[in-house]
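Chain order of the listed sequences is H and U. Under the numbering used here, the residues of the first sequence are numbered 1 to 102, in order. Under the numbering used here, the residues of the second sequence are numbered 1 to 340, in order.
It should be emphasised that the hints constitute simulated quantities derived from the structure, not laboratory data. Note that the structure is a prediction, hence the values are computed from the model and not measured. Every residue, glycine too, gets a C-beta built ideally from N, C-alpha and C. A hint or two may mislead.
Unchecked claim - Here are the in silico distance ranges between beta carbons for each label pair:
(1) H/G41 <-> U/I70: 39 to 45 Å
(2) H/S44 <-> U/I70: 25 to 31 Å
(3) H/V93 <-> U/A155: 33 to 39 Å
(4) U/T86 <-> H/G20: 43 to 49 Å
(5) H/L69 <-> U/A61: 36 to 42 Å
(6) H/G41 <-> U/A54: 45 to 51 Å
(7) H/D92 <-> U/D219: 43 to 49 Å
(8) H/G20 <-> U/D219: 35 to 41 Å
(9) U/T86 <-> H/G41: 30 to 36 Å
(10) H/C78 <-> U/A61: 56 to 62 Å
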Amino acid sequence: MVQLYPEKLMNIIANDSLEGKLVGMFKKYGVKGYTILRARGEGSSGFSADSSGFDSNIFVKVIIPESKLDTILGSVECKIRKGYHLTVYISDVQVLSREKFE
Amino acid sequence: MNLSSLLLPAVLFFALGVIARLIKSDLRFPPDLAKILSIYLLMAIGLHGGYELAKADFMIALSSIMWALILGFTLPIIGYLALVMTKKVSPLDAAAISAHYGSVSAGTFLTAIAYLDSQQITYESYPLIMLAVMESPAIVVGLILAAKARHSIAAKEGKPISGGAAVITADDENNGGNFGELLKDAFTNGSVVVLIGSMIIGAISLDSGMDKIKPFIDDIFMGVLCLFLFDMGMVAARRLGDFRQVGLLLASFGIVMPLVGGFVGAVVGAKILDFSVGGTTLVAVLGASASYIAVPPAMRLAIPEANPSFYLTLSLGITFPFNVIVGIPVYLGLAEWLVG
């Protein structure tokens with residue numbers, strides 16, 4: 001039986017202009033890696049992102065060790081309070097090699 | 001107004017883009033096509049302009065830059081005051097919207113060049129430097145207006161200032177440094193780098209080298225512009241759907257503000273810089289157009305409290321189509337009247 005380890009996966013949907021801000025936050029709190037995808041859609045803020053490249057969305061996926069989760073969530077919440085449109089949800093995942101994320 | 005202006009292929013393709021969207025055609029351009037084409041268009045126009053500018057008068061170039069800065073700093077303030085007076089949007093929305101109107105749209109500028117070419121009207125190359133210069137100052141004014149608006153909102157509510165990236169707050173990351181970062185972003189933004197870089201290359205390249213790339217920068221230019229406006233027609237039509245959300249008064253700002261900016265630009269071009277009818281038309285277009293490439297991401301970062309639907313719908317969905325279809329011939333008429 002292969003050993004799996006529980007981790008938290010943070011998913012963030014945001015405008016691509018916020019990419020630098022989010023990546024800066026991950027680096028600041030010592031998150032080891034992240035994945036960013038282009039995304040389109042529509043949500044509570046009432047507008048959809050264009051595919052023209054002028055105003056597109058990104059979908060950020062990042063595994064966060066439980067020990068750092070609260071600090072990073074606090075920082076994300078602070079950004080939302082300031083008015084940044086971020087859609088954030090966390091899910092429980094299992095990873096193969098824990099040392100990649102710790 | 002000469003209605004034959006509407007029969008320009010570039011304008012007709014823009015209309016086709018709008019129609020394709022309205023009839024819900026399944027036509028989709030590859031992602032980022034408009035962005036790729038706009039890099040080509042800026043590069044071609046930059047090389048061309050730089051080549052011409054190398055032979056131009058330094059003092060006129062300098063005074064064009066100065067007036068571009070003055071326009072870039074003044075127009076957002078006019079827009080802000082007008083918007084605040086309507087009481088339809090918050091001061092922070094007003095700051096974000098007006099920043100778009102002080103900056104410029106290269107797409108509108110290039111359509112104006114296509115229009116002047118089709119009418120065989122010559123123009124100076126100085127407005128091209130003004131295009132590069134005017135991309136950024138309005139972002140700075142937008143940030144200052146937003147900071148002022150935040151202070152007055154906070155003072156009214158008796159709360160400490162929070163929100164936005166351009167204020168110093170005690171929370172997490174280095175917000176204090178962000179104002180400087182935003183300024184750096186404003187002046188090193190992609191369009192500015194492509195345009196100024198290409199102008200320098202055009203100015204210092206040897207004639208023989210320029211001849212070699214002539215097919216790339218001259219012969220296919222208008223065709224690429226058609227394709228760009230085709231795509232932009234679809235993007236604009238998509239924003240047009242948000243028309244109801246912005247309301248009639250705010251939507252009318254998207255038409256009145258370019259006319260005001262166009263008039264101010266035309267006066268600067270004709271009476272101060274002493275340009276020809278063609279050059280004056282281009283300065284009027286600079287005053288009239290609203291940014292949709294450089295300013296929206298800057299405003300999303302710096303004024304997150306502002307509603308992006310407002311500024312994107314106004315600049316892309318209302319002002320851009322208005323300028324492309326109606327505005328440019330109006331500014332030409334204005335230039336003819338002022339230059340006399």
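- Ascending list of hint numbers which this structure does not respect: Numbers 2, 3, 4, 5, 7 and 10, in rising order.
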